[in-house]
Structures are given as structure tokens and as C-alpha cells.
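Colleague: What follows is each chain in one-letter form.
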Amino acid sequence: METGFKMFHPAAQLLFFVSVISVTMFVMHPVITGISFIASVLWILCDGGICALLRNLKFTAVTSAMIIIINPLISHNGMTAITYFPDGNPLTLESVYFGIAAAVMISCTLKWFYSFNRNFTSDKIICLFGRIMPKPALLISMTLGFIEKFKTKMNSVSEVQKIFDCYSGENSLIRRIKSAVRIFSVMIQWSLENSIDTADSMKSRGYGLQKRTAYTLYRFLPRDGFMVAITVVCDLVIIAAVFCGALEYSYYPYFLLDSQGIVTMAAYAVFALLCTAPLIVNILEEIKWKSIRSKI
Amino acid sequence: MKKWFAENKFRILFGIIIAAVLTAAFFAGTKSEMSEKGVVVSSSEDYHVIVENSSKDDETHISDLSNEETSAEVSEHESKIIEISLPPESSEKVLSSLNEISLEESAPVSFTENTASILAEDESSLEISENENSVETSEESLFVTPESSADKSENIPLPSEISEEMSLGQETENSSCIISIDCSTALKNDKLSSKVKRILPPDGIILAETEVSFEDGASAFEILRKICREKGIHMEFSTIPLTGGAYIEGIANLYEFDCGNLSGWMFSINGEFPSVGCSDVKVSSGDKLAFLYTCNMGDDIGNHFSGN
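Taken in sequence, the protein lines are chains A and B. Each residue of the first sequence is one higher than the one before, starting from 11 at the first, in the working numbering. Each residue of the second sequence is one higher than the one before, starting from 2 at the first, in the working numbering.
Some hints here could point you the wrong way.
[Claimed, not checked] DSS-like, lysine-lysine: derived pairs with alpha carbons at most 25 angstroms apart: (1) A/Lys134 to A/Lys172; (2) B/Lys198 to A/Lys188; (3) B/Lys10 to A/Lys188; (4) B/Lys4 to A/Lys188; (5) A/Lys159 to A/Lys172; (6) A/Lys145 to A/Lys172.
[What the hints assert, rightly or not] Covered, in the sense of this in silico footprint (three residues per stretch, anywhere, with C-beta under 8 angstroms from a C-beta of chain B), are these stretches of chain A: (7) 83-91; (8) 97-111.
Hints are computed from structural coordinates only; laboratory data are not their basis. Note that the Cβ used here is the ideal one computed from N, Cα and C, for glycine as well.
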């Protein structure tokens with residue numbers, strides 16, 4: 011059973027993710043990146059628990075560490091030299107700053123995409139694009155479903171093959187290669203057969219006789235409208251702040267962050283609100299649920 | 002024997018295939034290296050052809066000549082100021098600090114004399130480039146060096162390997178040339194971002210004409226690297242993998258392509274622009290070396306292609 015933010019209409023969710031990811035990617039302002047990072051960590055923690063967060067951190071930590079190490083090695087721009095490399099190029103403070111900022115930015119973009127993937131199941135894709143472009147939407151959702159099916163089938167086939175290997179008693183390299191090739195051929199045969207089965211099944215149920223309609227569980231409720239309105243207003247405020255120069259930042263050739271006006275503060279607050287909107291929704295629902303239960 | 006062959010035929014086959022692939026890769030690699038070297042040569046020729054097509058204006062050439070004259074005047078002024086602007090206190094300070102260094106490192110006399118000349122010119126050239134500001138602030142406005150620029154004598158300590166290398170180099174340094182770095186063309190260009198414009202000197206002279214001593218047979222690039230390190234001027238270069246030549250990407254945070262597609266750093270020796278890279282040109286004593294920023298493939302700094 012889905013609760014909280016996941017129950018919102020897919021359009022509202024898509025708008026939220028698109029605006030948060032694009033602001034994070036295109037405005038590499040240190041404060042904005044920091045807000046986005048904290049919010050993404052909290053949201054994954056709230057959404058998938060500590061396990062999902064650790065799995066994601068393991069994945070992004072390597073990327074981030076590589077960016078932090080490599081950027082000062084290849085980029086020597088900047089006014090403040092910390093020391094010199096043996097070949098004579100300077101190691102600058104600015105390139106270190108930029109490496110850290112880029113690493114955090116990429117890591118939190120990956121986090122948002124990760125939670126987007128967790129949220130956006132194939133039924134939501136069908137709901138959004140089923141009317142506009144029915145065939146591509148069906149294709150995407152079938153492909154996504156097929157990946158999961160393929161994984162499950164491959165696990166069961168490889169388990170059977172392992173048992174065969176145990177019986178034969180031989181465990182040489184060629185034996186293992188033969189086993190892997192056999193698994194591969196089984197999977198190819200299975201997927202071809204499966205696609206023919208699917209095609210037959212779809213034809214027998216009348217696919218293509220009439221225009222396709224899509225069935226969805228989701229309805230656009232007032233709360234979805236409210237969510238969309240908040241997202242749009244936040245986006246407009248941030249875009250206005252960017253264009254009037256309130257979110258000015260500079261990494262090269264000198265690190266600069268000289269925006270302390272009220273517009274800047276407003277932009278920070280608005281972006282924090284936007285990023286934590288799903289978190290707030292979930293917490294509010296939790297409080298409501300607790301309060302209802304205590305009355306009984 | 003037959004049985005063994007039948008059993009192990011896969012292993013033999015794999016071995017032969019791997020050896021064949023490695024041999025093929027080896028020969029293909031050497032071939033490509035040779036062909037790439039050929040490409041480098043031909044591309045440099047193409048480059049000249051492009052320059053020939055683009056260089057037509059003679060008026061700019063004249064204007065650049067006048068610029069050179071003015072810079073010569075500046076150098077005369079500089080020499081006057083050297084004489085005037087060294088108060089007795091500071092010279093005593095420099096001398097005492099030099100004595101300390103010579104005691105510590107037991108360097109020969111030529112070393113101290115060279116440093117003295119460098120130090121003297123350090124102060125005077127900075128006074129030329131920004132008369133209003135004090136010496137230290139003008140240096141820090143270009144590039145904040147790891148070594149504190151409060152005391153001039155402390156400019157000499159450097160990271161371990163390099164300082165050793167440089168002190169060794171200074172013992173045998175017996176030639177000197179004049180070097181200058183100029184980016185006044187960039188300041189006139191509209192494409193230069195205001196961020197970079199803010200940190201460049203207002204007159205465009207990053208380094209006024211300065212005498213620098215070097216080891217015999219040093220290339221123009223080595224001299225530039227040495228002077229940039231001494232004066233705390235930012236300089237980034239990349240090394241071309243096959244030839245090992247150096248390419249200057251940016252000086253004082255002014256980079257290639259900052260003023261459009263045809264902009265970048267060029268250098269001249271005695272007013273002539275060599276057609277090879279700066280690490281392939283050997284500088285002889287008394288040469289006049291100038292690194293100039295161009296916004297139009299050298300057309301605006303007097304690098305017209307003459308036809309050869």
C-alpha cells in the first residue's frame with residue numbers, strides 16, 4: 011500500500027522531480043547544492059529506510075571521491091595556489107572547491123534520480139502517457155516489466171545449472187564457461203518464446219482492433235492541484251532569483267558568494283521548501299494518522 | 002601425443018589467438034604513433050596556411066609597432082626607477098637576508114648576485130605595473146602564492162624537490178634575457194567575461210619587461226615557468242603526449258578561448274614569432290622574450306604571416 015507522497019497524482023510527482031533535479035543540476039550554487047543534498051538524503055531515508063540510503067551512498071561515494079580527487083589534478087585554474095605539482099602546474103584552492111561542489115551536485119542528482127526510479131513505477135508511466143502516446147507508453151512499461159522478469163528467470167536457471175555442475179563433479183574453467191554459455195542460450199530461447207507468447211496473448215485479447223484506452227487508479231484531486239501550484243510558484247521564484255542575479259556564484263577564477271540580500275534568502279527558503287515538500291507531506295500524514303489512532 | 006593435443010587444443014588455440022592479438026596491437030600501435038607524428042607536422046603546416054589567409058591588415062601591424070616603442074620607453078623608465086626606488090634600508094635588508102641564505106646553503110657568490118638582481122627588479126617591475134598600490138598587494142592581486150610575500154628573502158623556499166632543482170640551476174645560471182607578459186588585447190575585447198577582467202591589471206601588463214637569468218640552453222617555456230613561479234603569476238600548461246612539448250593554456254587566469262575561438266597565448270623572440278612551440282625554442286643570452294595574448298590568431302599583436 012502506497013502512502014503519503016507516493017499517493018499523489020503522477021503529474022504532480024513528475025513536476026516535482028523535474029523541477030528539483032533541473033534546479034540542482036543547473037544552479038551549482040553551493041548553498042542550493044547543500045540544501046538539495048540534505049533533502050535528498052532525508053527523503054531517501056524516509057522513503058526507503060536506512061538500507062536504501064546505504065545502498066545509494068555506497069554507489070555515489072565512489073563517484074564523488076573520484077571527482078574530488080581528479081578535478082584538482084586536471085584543472086589548474088584559480089587565483090589561490092596551495093602548492094605546485096612536480097611538473098610546475100599549480101594546485102589551486104578553487105579547483106578543490108569546484109571538485110567538492112561538483113561531487114556533491116552529482117551525488118545528489120543521482121539520489122534524486124534514484125528516488126524517482128523507486129517512485130515511478132510502470133503504472134504511473136501508463137497513467138501519464140497512456141492518453142497522449144499509448145504505444146510508446148505501453149512499450150516502456152512492458153520493457154521495464156520484462157527486465158524484472160528476465161532477472162528472476164535468470165536466477166532460477168542459473169541455480170539449476172549450478173546443481174548440474176555439482177553432479178558432474180568437475181569444476182574447471184572450461185566447464186564453467188560451458189555452463190555460462192548454456193545459461194545464456196536458455197535465456198535467449200526463453201525470451202524469444204516469451205515474446206511470441208506475449209504477442210499471441212495480446213492478439214487473442216484483441217490488441218490493435220480498436221484505439222487503445224488506459225486504465226489508471228490515479229485521479230487528480232485538490233491536493234494534487236495544491237502540490238502543482240506550490241511547485242510552480244517555487245520554480246518561478248528560483249528562476250526570478252537566478253535572472254536578477256541574487257543567486258550569483260563563481261568558482262573560477264576566484265570563489266565568490268557575495269549575495270546576502272533578501273531575495274537570496276527567499277530563494278534559499280523557497281528551494282528548501284520545494285525539496286522537502288514530499289517529506290513534509292509524509293510527516294503531516296504520519297501526525298494525522300497518530301492523532302486519529304489515539305482517539306480510538 | 003595426439004591425445005594430449007586433443008585434450009589441450011583449446012588452450013593452444015587461446016594462446017595462439019592471444020599472441021596474435023598482441024602482435025597485431027603492437028604493430029598497429031607503432032604504425033599509428035608514426036602516422037600521428039606525421040599528422041602533427043602536417044597540421045602545423047595547415048595552421049600556417051590558415052594564418053596566411055587571415056592576416057591581411059597592415060594598419061594593425063603599424064599600431065603594434067608603435068606599441069612596441071612605447072613598451073621600450075617603459076623599460077627605460079623602469080631602469081631609472083630601479084636606481085631611484087631602492088631606499089638604503091630595504092637594500093640593507095635584502096643584503097642581510099642574502100647573507101643569511103648564503104650562510105645556510107653555502108651557495109657561491111654568483112648565486113647571491115643573481116638573486117639580488119632578481120629581487121631588485123621584482124620590486125621595481127611591480128612598481129611599474131601598478132604605481133598606486135603597494136608592492137605586496139599588487140603581487141597578491143594576480144595570484145596568491147603559497148609562499149608569503151611579506152619578506153622578499155622568503156620567496157626562495159619552495160616545495161622540496163623543486164627548490165633543490167632551482168638552487169642547482171641557479172648555481173650554473175650564466176645567461177640572462179628579458180621577458181614580458183602582456184594581455185592588453187584581451188582587455189579591449191568585448192567577449193572577455195567581467196569576472197576575468199576584474200583580476201587582470203588595468204593596463205594589461207601582467208609582467209613588465211624583466212631581466213631573468215637562466216641556464217644555457219633553456220627553452221622559452223622553462224624561462225616562463227621560472228619567472229611565473231618567482232613572481233607568483235598563475236600559469237597553466239599542458240604537455241603534448243607524443244612530442245613532449247608544452248602548450249600554454251593560460252597565464253594569470255586568462256585562458257585560451259576567453260576572447261573567442263581565435264584567442265590564446267603567443268610568444269615572440271626579439272619581435273619575431275617562431276613557428277614552433279615555446280618548449281622547442283632555445284633562448285640565447287640577451288634575447289627579448291614576450292608572451293602576448295591574441296584575440297585573432299596573432300593578427301592583433303603583429304604576427305603576420307610573411308609567406309615562408
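Colleague: Hint by hint, note whether the structure agrees.
Modeller: Taking the hints in turn, this is what the structure says about them:
For a cut-off of 25 angstroms, the pair hint linking A/Lys134 to A/Lys172 is broken: about 38 angstroms separates their Cα positions. Using a Cα cut-off of 25 angstroms, the hinted pair B/Lys198 and A/Lys188 is violated, with the two alpha carbons roughly 66 angstroms apart. Note on B/Lys10 and A/Lys188: the hinted pairing holds, with a Cα-Cα distance of about 16 angstroms set against a maximum of 25 angstroms. At most 25 angstroms may separate the alpha-carbon atoms for a hinted pair to count; B/Lys4 and A/Lys188 meet this at roughly 21 angstroms.
Between A/Lys159 and A/Lys172, the direct Cα distance comes to roughly 20 angstroms. Compliance with the 25 angstroms bound is thereby established for this hinted pair. With a CA separation close to 40 angstroms, the supplied pair A/Lys145 and A/Lys172 exceeds the 25 angstroms bound. For the region 83-91 of chain A, the stated coverage by chain B is satisfied: 6 residues place a CB nearer than 8 angstroms to a CB of that chain, which reaches the threshold of 3. Residue count for the region 97-111 of chain A with a Cβ under 8 angstroms from a Cβ of chain B: 5. That meets the three needed, and the coverage hint holds.
Comparing the model with each numbered hint stated earlier shows that hints 1, 2 and 6 do not hold.
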